[in-house]
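Novice: Residue-level listing of the chains:
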Amino acid sequence: MNDQELMDRIAAANPVRVEDLGDTTERAEALRREILARRSRSRRWWVLVALPVAGAAVVFGLLRPESIPRQTLVTSGEAHAIMLAAAQRAEKAPASGRFWHTKGEVRHVFQRDHRGNRYALVATHAIEGWQPSDRRDGDGVSNWNAPRLTPLTADDAVAYRRDGSPQPNENPDPDMGVAVQDPPEGPELAGDAIYEGDARNLPHDPLKMRLAMLTWARDHGGLPDNPAVWLFREGADLLNAESQPLPRETRIAIYRMIGTLPGVRSLGTVKDPLGRPALAVAMTEKTETLGVLEWRLFLSPSRDLLMGTQAMIVKPGADTGRIAPGQALYTYSVRAAEWTDGCPPGRLPNAKRLCP
Amino acid sequence: MNDEERFTALFRRHHAQVLAYALRRTDTARAEDVVAETFAAAWRHIGKLSEEPLPWLYRTAWNCLANERRSNARQVRVAGRVAAEGEGVVADHAAGVAENAELMAALGKLPARDREALLLVSWEGLDQRSAASALGCSVAAFKVRLHRARKKLAALLAVHEAVQEA
Chain A
651 MNDQELMDRI
661 AAANPVRVED
671 LGDTTERAEA
681 LRREILARRS
691 RSRRWWVLVA
701 LPVAGAAVVF
711 GLLRPESIPR
721 QTLVTSGEAH
731 AIMLAAAQRA
741 EKAPASGRFW
751 HTKGEVRHVF
761 QRDHRGNRYA
771 LVATHAIEGW
781 QPSDRRDGDG
791 VSNWNAPRLT
801 PLTADDAVAY
811 RRDGSPQPNE
821 NPDPDMGVAV
831 QDPPEGPELA
841 GDAIYEGDAR
851 NLPHDPLKMR
861 LAMLTWARDH
871 GGLPDNPAVW
881 LFREGADLLN
891 AESQPLPRET
901 RIAIYRMIGT
911 LPGVRSLGTV
921 KDPLGRPALA
931 VAMTEKTETL
941 GVLEWRLFLS
951 PSRDLLMGTQ
961 AMIVKPGADT
971 GRIAPGQALY
981 TYSVRAAEWT
991 DGCPPGRLPN
1001 AKRLCP
Chain B
36 MNDEERFTAL
46 FRRHHAQVLA
56 YALRRTDTAR
66 AEDVVAETFA
76 AAWRHIGKLS
86 EEPLPWLYRT
96 AWNCLANERR
106 SNARQVRVAG
116 RVAAEGEGVV
126 ADHAAGVAEN
136 AELMAALGKL
146 PARDREALLL
156 VSWEGLDQRS
166 AASALGCSVA
176 AFKVRLHRAR
186 KKLAALLAVH
196 EAVQEA
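Quick mapping for you: the protein sequence lines, in order, are chains A and B.
Residue numbering for the first sequence follows this note's numbering, starting at 651 and increasing by one per position.
Residue numbering for the second sequence follows this note's numbering, starting at 36 and increasing by one per position.
Treat the hints as calculated values from the structure; they're not laboratory data.
Among the hints, a few may not be true.
Said to hold, decoys possible - With a Cα cut of at most 35 Å, we get these calculated DSBU-like pairs of lysine-lysine:
no.: 1; chain 1: A; residue 1: Lys-753; chain 2: B; residue 2: Lys-178
no.: 2; chain 1: A; residue 1: Lys-1002; chain 2: A; residue 2: Lys-858
no.: 3; chain 1: A; residue 1: Lys-921; chain 2: A; residue 2: Lys-1002
no.: 4; chain 1: A; residue 1: Lys-936; chain 2: B; residue 2: Lys-144
Stated by the list, open to error - Here are some, though not all, of the chain B residues that point toward chain A, as calculated from beta-carbon distances under 7 Å:
no.: 5; residue: Leu-45
no.: 6; residue: Gly-143
no.: 7; residue: Trp-158
no.: 8; residue: Ala-175
Claimed, not checked - The calculated label-pair distances, taken between Cβ atoms and stated as ranges, are:
no.: 9; chain 1: A; residue 1: Asp-991; chain 2: B; residue 2: Arg-48; range: 44 to 50 Å
no.: 10; chain 1: A; residue 1: Arg-720; chain 2: B; residue 2: Ala-44; range: 21 to 27 Å
no.: 11; chain 1: A; residue 1: Asn-795; chain 2: B; residue 2: Asp-68; range: 37 to 43 Å
no.: 12; chain 1: B; residue 1: Ser-85; chain 2: A; residue 2: Arg-926; range: 42 to 48 Å
no.: 13; chain 1: B; residue 1: Glu-67; chain 2: A; residue 2: Asn-793; range: 23 to 29 Å
no.: 14; chain 1: A; residue 1: Asp-658; chain 2: B; residue 2: Thr-63; range: 25 to 31 Å
no.: 15; chain 1: B; residue 1: Asp-68; chain 2: A; residue 2: Gln-738; range: 43 to 49 Å
no.: 16; chain 1: B; residue 1: Leu-84; chain 2: A; residue 2: Thr-674; range: 18 to 24 Å
no.: 17; chain 1: B; residue 1: Gly-143; chain 2: A; residue 2: His-764; range: 39 to 45 Å
Only a predicted model underlies this, so the values are computations on that prediction, with no experimental measurement involved.
C-beta atoms are modelled at their ideal positions from N, C-alpha and C, and glycine is treated no differently.
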């Protein structure tokens, strides 16, 4: 079966065709009237009441835009200082070059239950990205290889061997091997939206940025269970080295925004997962199926770079029962990230000009 | 045209398409909730929506469906619906229904975004640019995803056919 035949077969299996819906006008019009009546688009302006507290480290912002929860702004402490220092490094960051070139690695743990053999595997993907600064150089790409699989523990190694030491396979059939998936962007949490709003135009004020992101989440599937941790994770994702850096002012604002989140802790100067010195901050979250996780950010002490992110198991949950506390469920490490006038090894898709 | 008129025009133009999109992916009650949530979001954003808002509407509906997508309940429901369609069909159609069930089962085994890439093109009839926008990725990334999804699906169907023949 060729590609077109396959697509035709899927199209023919379409279970609901628009023309088969019948006359939905009456119900649709009722819904339209209800939406228009439910709320006027003239938004209530939010009221910010800053409560000065003598010697306090925290300012409370009382904000009530519909159902967006009350926001608390942290304005001091070690984690806050680490994030402010990162913002200052972003002020000096160079921002030129024909391509943003990155190399990194994603390492994630997953459990497999195949024919009675239960074990946890670590999949490690090497990733390389090329993002052009000029559209004439084409579309940005991220390339990754098939993962390298290793059992998580000695017990896992025994069960893995008993299962025939299956290797990565493009085919998702579990009998054919371990299904190859794209390297995930992080552990998947039920109910959490991935922020896909217009990051370039986020407000630079930390409080307004938080509200803009939460409003986007509310309007695209609902507020996350834990808004502060969601902002921590999604803010870090916007700083992720793999995609082309956001405008300098936006990056500075994101660092500052993360520093104002309640619950962010400093881990101080640490070694990152690749053994390099880094400054780290963390937040803890109780999730529905993954247990209690500690989300960690590793920041370069010398430049504007999020060197890596990590989700550690603090207490295993239903889907992470084979992973011991202290093990990393997910790790993304940046090995290199820089603007360059050098060219990618191949022509990028839709490139309109040659390089060099 | 003021905002209310723009919303009304958009709603009347796309309501049936968004309803069909949701019904293809979940049960009737949930589909109606998804449609309501999607158009409520469209109303809140009416000033910012493009002249061709359908990919945005599909993407919003996709996000509304996130919970059940993650629980995989949808796969069961889609397969169930296909099986239900099979009830009472005349014998001549039986082979086609079984084939559909195989296809649906294979689609259900694909990673969610791979499956969505295939369905946006095949069921929603979007071109690759609009489908990429609906999936929230670049056109280049979409092409790669679509290519891989086709390969994986073809492999799954081939395995099933080989088992049937054996």
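Novice: Now tell me, hint by hint, if it's right for this structure.
Specialist: Now for the hints, and whether the structure bears them out:
In summary, the hint linking Lys-753(A) to Lys-178(B) is supported, as the alpha carbons are separated by about 22 Å, within the 35 Å threshold. Between Lys-1002(A) and Lys-858(A) the alpha-carbon distance is near 39 Å, which puts this suggested pair outside the 35 Å criterion. Between Lys-921(A) and Lys-1002(A) the alpha-carbon distance is near 43 Å, which puts this suggested pair outside the 35 Å criterion. For the hint linking Lys-936(A) to Lys-144(B), the alpha-carbon distance of about 29 Å falls within 35 Å, and the restraint holds.
Taken as an interface hint, Leu-45(B) does not check out: its beta carbon lies about 10 Å from the nearest beta carbon of chain A, beyond 7 Å. Look at Gly-143(B): its Cβ only gets to about 10 Å from chain A, farther than 7 Å, so that hint breaks. Because the beta carbon of Trp-158(B) sits about 5 Å from the nearest beta carbon in chain A, less than 7 Å, this interface hint is met. With a least beta-carbon distance of about 4 Å to chain A, the hint placing Ala-175(B) at the interface is held under the 7 Å criterion.
Range check, Asp-991(A) to Arg-48(B): about 47 Å between beta-carbon atoms, so the 44 to 50 Å window is met. Between Arg-720(A) and Ala-44(B) the CB atoms are about 37 Å apart, so this pair departs from the stated range of 21 to 27 Å. For the pair Asn-795(A) and Asp-68(B), the beta carbons lie near 41 Å from each other, so the given range of 37 to 43 Å is met. At roughly 44 Å, the beta carbons of Ser-85(B) and Arg-926(A) sit within the given window of 42 to 48 Å.
For Glu-67(B) paired with Asn-793(A), a C-beta distance near 42 Å fails the hint of 23 to 29 Å. At about 27 Å, the beta-carbon gap between Asp-658(A) and Thr-63(B) stays in the expected band of 25 to 31 Å. Between Asp-68(B) and Gln-738(A) the C-beta distance comes to about 46 Å, which sits within the given range of 43 to 49 Å. For Leu-84(B) paired with Thr-674(A), a C-beta distance near 22 Å keeps the hint of 18 to 24 Å intact.
The hinted window of 39 to 45 Å between Gly-143(B) and His-764(A) is violated, with their beta carbons roughly 18 Å apart.
Of the numbered hints stated above, those contradicted by the structure are hints 2, 3, 5, 6, 10, 13, 17, listed in ascending order.
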